[in-house]
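J.: Chains A and B supply the protein sequences, listed in that same order.
Quick note, the first sequence lines up with residues 560 to 877 if you use the numbering used here.
Quick note, the second sequence lines up with residues 560 to 877 if you use the numbering used here.
Derived by calculation from the structure, the hints in this document are not laboratory data.
Virtual Cβ for every residue (Gly too), placed ideally from N, Cα, C.
One thing to keep in mind: the hints can contain errors.
[To be verified] Derived list of chain A stretches under chain B, where covered just means 3 residues or more per stretch with a C-beta under 8 Å from a C-beta of chain B:
(1) 589 to 601
(2) 840 to 851
[What the hints assert, rightly or not] For each label pair, taking beta carbons as the anchor points, the in silico distance ranges come out as:
(3) A:His610 to B:Gln567: 52 to 62 Å
(4) B:Val847 to A:Glu782: 23 to 33 Å
(5) B:Ser588 to A:Ala569: 47 to 57 Å
[Claimed, not checked] Incomplete in silico selection of chain A near chain B, CB under 10 Å:
(6) Leu604
(7) Pro606
(8) Gly609
(9) Ala825
(10) Ala861
Protein chains: 2
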Amino acid sequence: MSRRAEPQVADLVARARGGEPRAVARLISLVEDASPWLRDVMAALAPHTGHAQVVGITGSPGVGKSTTTNALVRELRAAGKRVGVLAVDPSSPFSGGALLGDRVRMADHALDPDVFIRSMASRGHLGGLAWTTPQALRVLDAAGFDVVVIETVGVGQSEVEIAALADTTLVLLAPGMGDGIQAAKAGILEIGDVYVVNKADRDGASAVSRDLRGMLALADRREGAWQPPIVKTVAQDGTGLDEVAEAIGRHHAWLAETGELRRRRARRAREEIEAIALEELRRRWGSVGSVERLDALADAVADGRRDPYAAADELLDG
Amino acid sequence: MSRRAEPQVADLVARARGGEPRAVARLISLVEDASPWLRDVMAALAPHTGHAQVVGITGSPGVGKSTTTNALVRELRAAGKRVGVLAVDPSSPFSGGALLGDRVRMADHALDPDVFIRSMASRGHLGGLAWTTPQALRVLDAAGFDVVVIETVGVGQSEVEIAALADTTLVLLAPGMGDGIQAAKAGILEIGDVYVVNKADRDGASAVSRDLRGMLALADRREGAWQPPIVKTVAQDGTGLDEVAEAIGRHHAWLAETGELRRRRARRAREEIEAIALEELRRRWGSVGSVERLDALADAVADGRRDPYAAADELLDG
Numbered sequence: 560m561s562r563r564a565e566p567q568v569a570d571l572v573a574r575a576r577g578g579e580p581r582a583v584a585r586l587i588s589l590v591e592d593a594s595p596w597l598r599d600v601m602a603a604l605a606p607h608t609g610h611a612q613v614v615g616i617t618g619s620p621g622v623g624k625s626t627t628t629n630a631l632v633r634e635l636r637a638a639g640k641r642v643g644v645l646a647v648d649p650s651s652p653f654s655g656g657a658l659l660g661d662r663v664r665m666a667d668h669a670l671d672p673d674v675f676i677r678s679m680a681s682r683g684h685l686g687g688l689a690w691t692t693p694q695a696l697r698v699l700d701a702a703g704f705d706v707v708v709i710e711t712v713g714v715g716q717s718e719v720e721i722a723a724l725a726d727t728t729l730v731l732l733a734p735g736m737g738d739g740i741q742a743a744k745a746g747i748l749e750i751g752d753v754y755v756v757n758k759a760d761r762d763g764a765s766a767v768s769r770d771l772r773g774m775l776a777l778a779d780r781r782e783g784a785w786q787p788p789i790v791k792t793v794a795q796d797g798t799g800l801d802e803v804a805e806a807i808g809r810h811h812a813w814l815a816e817t818g819e820l821r822r823r824r825a826r827r828a829r830e831e832i833e834a835i836a837l838e839e840l841r842r843r844w845g846s847v848g849s850v851e852r853l854d855a856l857a858d859a860v861a862d863g864r865r866d867p868y869a870a871a872d873e874l875l876d877g
Numbered sequence: 560m561s562r563r564a565e566p567q568v569a570d571l572v573a574r575a576r577g578g579e580p581r582a583v584a585r586l587i588s589l590v591e592d593a594s595p596w597l598r599d600v601m602a603a604l605a606p607h608t609g610h611a612q613v614v615g616i617t618g619s620p621g622v623g624k625s626t627t628t629n630a631l632v633r634e635l636r637a638a639g640k641r642v643g644v645l646a647v648d649p650s651s652p653f654s655g656g657a658l659l660g661d662r663v664r665m666a667d668h669a670l671d672p673d674v675f676i677r678s679m680a681s682r683g684h685l686g687g688l689a690w691t692t693p694q695a696l697r698v699l700d701a702a703g704f705d706v707v708v709i710e711t712v713g714v715g716q717s718e719v720e721i722a723a724l725a726d727t728t729l730v731l732l733a734p735g736m737g738d739g740i741q742a743a744k745a746g747i748l749e750i751g752d753v754y755v756v757n758k759a760d761r762d763g764a765s766a767v768s769r770d771l772r773g774m775l776a777l778a779d780r781r782e783g784a785w786q787p788p789i790v791k792t793v794a795q796d797g798t799g800l801d802e803v804a805e806a807i808g809r810h811h812a813w814l815a816e817t818g819e820l821r822r823r824r825a826r827r828a829r830e831e832i833e834a835i836a837l838e839e840l841r842r843r844w845g846s847v848g849s850v851e852r853l854d855a856l857a858d859a860v861a862d863g864r865r866d867p868y869a870a871a872d873e874l875l876d877g
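Generate coordinates for the entire structure from the input sequences, incorporating the hints supplied.
T.: Next comes the structure, spelled out in C-alpha cells:
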C-alpha cells in the first residue's frame with residue numbers, strides 16, 4: 560500500500576463528501592479500474608457509510624426502466640433528497656462501459672448538482688453486479704446521497720444480485736411483455752418489495768396487475784411479512800410516481816421497524832466480503848509461480864489424469 | 560468421502576458408459592444437487608473424458624435457438640453421431656429447472672436412445688454456467704456422446720461463459736431482432752466461431768448477414784486466425800442445417816490442426832478448477848465456526864467499523 564496515495568485519497572473523499580461531483584466520479588473510477596489505491600479508498604469511506612437508502616430497479620428490456628428511474632429521481636428531488644443513480648448494464652461484458660451511457664440518461668438532471676448518475680458495465684469473473692457495483696454504492700453512500708438507485712435489466716443473475724444489494728427492490732412490468740409463466744420463471748415473485756406496472760395507459764395493464772396480484776397471493780409468506788404493493792404508472796408523464804415513492808418510503812420504515820434493514824445490510828456486507836476475498840484469491844492464483852502450478856493442474860484435468868475436484872483441492876491446500 | 564458411495568458410483572458410471580439414459584440422468588442430478596458423492600463421481604469419470612466435441616449455441620431470445628438445436632441434433636444423428644444436449648436457462652435462478660423444460664424440447668427426439676437432452680437452471684453464487692454445466696458436460700463426455708450441444712440464451716455473462724466452455728460457439732441472429740449497435744454491444748463479435756442467420760426466409764435477413772459480415776471484417780484478427788463463416792438457415796424446416804454441421808466440422812478440424820483445441824480445453828479445465836476451488840472456499844466459510852467469524856466481520860462492515868477489503872483480508876489470512 561503506497562504511502563504517497565494517502566493524501567490524495569483523503570482529499571478526494573473529503574471533496575466527495577463536500578458534494579463535488581468530479582471527486583465522486585474519480586472515486587468510482589478508482590473502483591472500476593481496481594486501482595491499487597482501492598483499499599485506501601475503501602478504508603477512508605467506511606466510517607461514512609450506512610446512511611444511504613438503496614433502491615433497486617429491475618425489469619425486462621422494454622418495460623421502461625430508464626424512464627421510470629428518471630421520473631423517480633424527479634420525485635425524490637422534489638422531496639429534497641440527494642440522489643445517486645448507478646445504471647448497470649450486464650449486456651456489456653466486454654466494452655467496459657455502456658455505448659449510449661451517461662449522456663443520454665443525464666439529460667433531465669444534467670444541471671442538478673444533487674443528482675449523480677453513472678453507467679457501469681458489469682463484468683469480472685464473479686459475474687454481474689458482484690464486483691464493482693457494491694463498491695460504487697459505497698462511494699455514493701459515503702458522499703452523502705440520501706438515496707442510491709441501482710437500475711439493471713432483469714436478465715440472468717442480475718436481478719437476484721440487485722435484490723441482494725438493495726434495501727428495497729422495485730420490479731417493473733408492462734403490458735405486452737410476457738405472460739404469467741414468464742413472470743414466474745424469471746423469479747420476480749421472490750425479489751420484489753414493490754411491483755410497478757408501467758405503461759398503465761396501454762391495453763392489458765389491468766390484466767398484468769391482476770395476474771401479478773394472483774401470483775403474489777399464492778406466494779408463501781410468513782406472518783408479519785411485507786406485503787408487496789402493486790403500483791400502476793405511466794413513467795413517461797410521471798403518473799403514479801408519487802405512489803411509487805410513497806411505497807418505497809413505507810417499505811423502508813417497515814425494514815427499520817422490524818430489524819430487517821439491519822439484517823439485509825449485514826447480509827450485503829457478508830456477500831461483499833466474500834466476493835472481495837474470492838477475487839483476491841483469483842489474483843493470487845494469477846501471480847507468477849501460481850500460474851504455472853494452475854496450468855499444470857489444468858493440463859492434468861484436460862488429459863483426464865486428474866478430476867477437477869482433486870485439482871481444486873491441490874490448488875487450495877497443496 | 561464415503562467409502563460406501565463407491566460401489567454405487569462405479570456402477571452408475573459403468574451403466575452411463577453403456578448407454579443407459581437413466582444412469583446419465585442420475586449422474587447429472589448428483590452434479591446438480593452437489594451430492595456428497597460428487598467427488599467420487601468426478602474421479603470415476605475423469606479417465607473417460609476429453610472425447611466429446613462441445614458445441615455452444617447462443618443468441619437473443621426469439622432468434623430460434625431451440626428450433627436450431629433440434630434441427631442440428633437431427634443433422635448430427637443423420638451422420639450417426641450420439642448427441643447430448645444441455646439447455647441452460649439463466650433466467651431461472653430459483654426454480655431449479657425450466658418450467659417448460661425437457662418435455663417440450665424432447666418431443667422430436669424422445670424415442671431416440673442416442674440423444675440425451677437435459678434442461679438445467681443456471682444458478683449458484685458463481686453465476687451463470689460456471690458451476691454445474693461443466694460438470695454435466697463431463698458426465699455426457701464420459702458417457703460417450705460424440706457431440707454435446709450447450710444451448711443458452713445470450714444475455715449477461717452467459718454467452719461469454721458458453722464460449723469459454725465450448726470448442727465451437729454458434730451465435731444465432733435473426734432479422735428484426737436488433738441493429739448493429741446491439742450486436743456489437745452484446746460482444747458477439749468476440750465469441751462466435753460460426754454465425755447463423757436464422758429465419759433467412761424473412762425480410763431483412765440479407766441485411767443482417769451483410770451488416771455482420773461488415774463488422775466481422777473490421778474485427779482485428781491475427782494471421783492464420785479462424786475466419787468465422789456466416790450461414791443462413793430456416794431452422795423450422797431444416798434449411799441450411801447441413802451447412803451449419805459442415806461449418807462446425809470444419810472448425811473442429813481447424814482447432815485440432817492448430818493446437819487450439821488443446822489450448823481451449825486446458826483453459827476450460829483451468830476455469831473449472833478455479834470455480835470449484837472458490838466454491839469449496841465458500842463451503843468452508845459456511846461451516847460451523849467460520850459462519851460466526853464471517854458474520855462478525857459482516858457486522859463490522861455494515862456498521863462502518865471496518866472496510867470490506869480489510870475484512871476480506873482477515874477472512875483469508877486471519
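J.: Which of the listed hints are broken here?
T.: none
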